[in-house]
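2 protein chains.
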Amino acid sequence: VSRPSAASRHDAVPPLPRRVHLVGAGPGPADLLTLRAARLLGQAELVVHDQLVTEDVLALASPRAELVPAGRRQGRVVASHEEVVDLLVAAARAGRRTVRLKGGDPVVLGRGGEEALDLAARGVACELVPGITSAVAAPELAGIPVTHRGVAPGFLVLTAQRAPGSSASGPDGADWALAARFSGTVVVLMGATRLAELCGRLQALGRSGTTPAALVSQAGLPGQRVLAAPLAQLPERALAEHLPTPAVLVIGDVVGIPAEVERRLGDALVAASV
Amino acid sequence: VSRPSAASRHDAVPPLPRRVHLVGAGPGPADLLTLRAARLLGQAELVVHDQLVTEDVLALASPRAELVPAGRRQGRVVASHEEVVDLLVAAARAGRRTVRLKGGDPVVLGRGGEEALDLAARGVACELVPGITSAVAAPELAGIPVTHRGVAPGFLVLTAQRAPGSSASGPDGADWALAARFSGTVVVLMGATRLAELCGRLQALGRSGTTPAALVSQAGLPGQRVLAAPLAQLPERALAEHLPTPAVLVIGDVVGIPAEVERRLGDALVAASV
Chain A
1 VSRPSAASRH DAVPPLPRRV HLVGAGPGPA DLLTLRAARL LGQAELVVHD QLVTEDVLAL
61 ASPRAELVPA GRRQGRVVAS HEEVVDLLVA AARAGRRTVR LKGGDPVVLG RGGEEALDLA
121 ARGVACELVP GITSAVAAPE LAGIPVTHRG VAPGFLVLTA QRAPGSSASG PDGADWALAA
181 RFSGTVVVLM GATRLAELCG RLQALGRSGT TPAALVSQAG LPGQRVLAAP LAQLPERALA
241 EHLPTPAVLV IGDVVGIPAE VERRLGDALV AASV
Chain B
1001 VSRPSAASRH DAVPPLPRRV HLVGAGPGPA DLLTLRAARL LGQAELVVHD QLVTEDVLAL
1061 ASPRAELVPA GRRQGRVVAS HEEVVDLLVA AARAGRRTVR LKGGDPVVLG RGGEEALDLA
1121 ARGVACELVP GITSAVAAPE LAGIPVTHRG VAPGFLVLTA QRAPGSSASG PDGADWALAA
1181 RFSGTVVVLM GATRLAELCG RLQALGRSGT TPAALVSQAG LPGQRVLAAP LAQLPERALA
1241 EHLPTPAVLV IGDVVGIPAE VERRLGDALV AASV
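Top line first, the protein sequences correspond to chains A and B. Counting from 1, one number per residue, gives the positions in the first sequence under my numbering. Counting from 1001, one number per residue, gives the positions in the second sequence under my numbering.
Hint data in this document are derived by calculation from the structure and do not stem from the laboratory. Treat the hints loosely; a few may be bogus.
To be verified - On the chain A side, residues computed to face chain B include the following (Cβ under 8 Å):
no.	residue
1	Leu-32
2	Leu-33
3	Arg-39
4	Leu-52
5	Glu-55
6	Asp-56
7	Gly-112
8	Leu-117
9	Ala-120
10	Leu-128
11	Ile-132
12	Pro-145
13	His-148
14	Thr-159
15	Ala-160
Nothing here was measured: the structure is a model prediction, and the numbers come from that model. We put the beta carbon where it would ideally sit given N, CA and C, even for glycine.
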């Protein structure tokens, strides 16, 4: 460890903490990054990025930046949480301009808080830079508003995934029971591979099988696909149509709004052309 | 009505719909807009913006753009929903590049879906451009992650405000009961002026008065202030400290994370300087 400086030892003033920017990359399209995120990427010397971050987003990084993939890819760990923290600590201590880049928003099921705590324990401060979260943007890019007056007064975001080795990390049964009864929109991230189990469970807990639901796959990207179906039928339909991941599950009456928009638009255009 | 063109009448092909971009302005700082939003603002000929949108964000608009305020300001209606729709329809029909700019994200309690439906009924299509929502970013900019492994497996977003004249538009009692029991983070938007009522209601419904809670005021702006206190004490503390609106209420154990980050960082820096 090369720190602290002699000055800080003599004055008993703790040295300034080294800093890492923990940045949200948004749902995929490069122009859905924030201006702040784009600036930080353009100035970075090291970018440690999750697998979900698209090539288009990585292209915003400085050509001189070292790009290091981290996280999981199809279940395989490219770099563990501990390895990522080691890398970030070493880079921050060396004074490199360092960006930790995560898909969506860093604190929406992105384990940003964990990295902030582990970096802090080693004397490295973390600045959180919000990103567009798929929890809101995936439905929105498919025309589905997560809230809508008189339809959905709020929204609930859960993950279908329990972190490996941690029984207490996922939503518990009580949370799914709440999701089954909530009058607003329910958004489930990382649920595409467990769709039948999730939709079945929500129905068993009281949510009607006729509740409108949708799966939004690759939101905002050229391959975006939206499958809308009643909750009871969604898993079978999704299986038949082979929707690629990542996909966001949306449950609630707001799912019907894009069809209503299309209907009104069609009627207005027909009326105008008669 | 000046449309449709003669060509579309003869061919029985409906004319292409006119288009308005419904754009999220994020929580306030100009560099928390997306690149897409900044580009659209820079190209716009008309920007109809909510009152919450900051001057710094409006400065991103083309100098040639006409800026029209809309929505409410301190309860007073500057332009009604109907007036806004009329304005947008007229601009779109005139072929003007038109941006409807809303604070945060346009579909998170921003009535974006309503405008999309009303525009569609008049033959104007709406393209939704996601923005950083304060529901996630306000806590995040204060260092509070809305999800955290083993602490908050998801989050619930509600508004404290019922739209005037609509009894069915706000969360109902059952939703607040869910909020009282949810194991994840509860975020309440537009709740600052009804804090005592909200915190009292959640406690009456079973949430412990010792639950960590925080009010984040003017998130991300130079005047940002964060007040953390147990749920039972928050309203009195907020009253005493005169936190300015807009403010976001966050309830759950994640509120304790920034203090833990600071503690670890302090310990690490002290250890390094010994």
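Hints versus structure:
{"no.": "1", "hint": "Leu-32", "in the structure": "5 Å, holds"}
{"no.": "2", "hint": "Leu-33", "in the structure": "6 Å, holds"}
{"no.": "3", "hint": "Arg-39", "in the structure": "7 Å, holds"}
{"no.": "4", "hint": "Leu-52", "in the structure": "16 Å, violated"}
{"no.": "5", "hint": "Glu-55", "in the structure": "16 Å, violated"}
{"no.": "6", "hint": "Asp-56", "in the structure": "11 Å, violated"}
{"no.": "7", "hint": "Gly-112", "in the structure": "6 Å, holds"}
{"no.": "8", "hint": "Leu-117", "in the structure": "6 Å, holds"}
{"no.": "9", "hint": "Ala-120", "in the structure": "4 Å, holds"}
{"no.": "10", "hint": "Leu-128", "in the structure": "5 Å, holds"}
{"no.": "11", "hint": "Ile-132", "in the structure": "5 Å, holds"}
{"no.": "12", "hint": "Pro-145", "in the structure": "3 Å, holds"}
{"no.": "13", "hint": "His-148", "in the structure": "4 Å, holds"}
{"no.": "14", "hint": "Thr-159", "in the structure": "6 Å, holds"}
{"no.": "15", "hint": "Ala-160", "in the structure": "10 Å, violated"}
The structure shown violates the earlier hints numbered 4, 5, 6 and 15.
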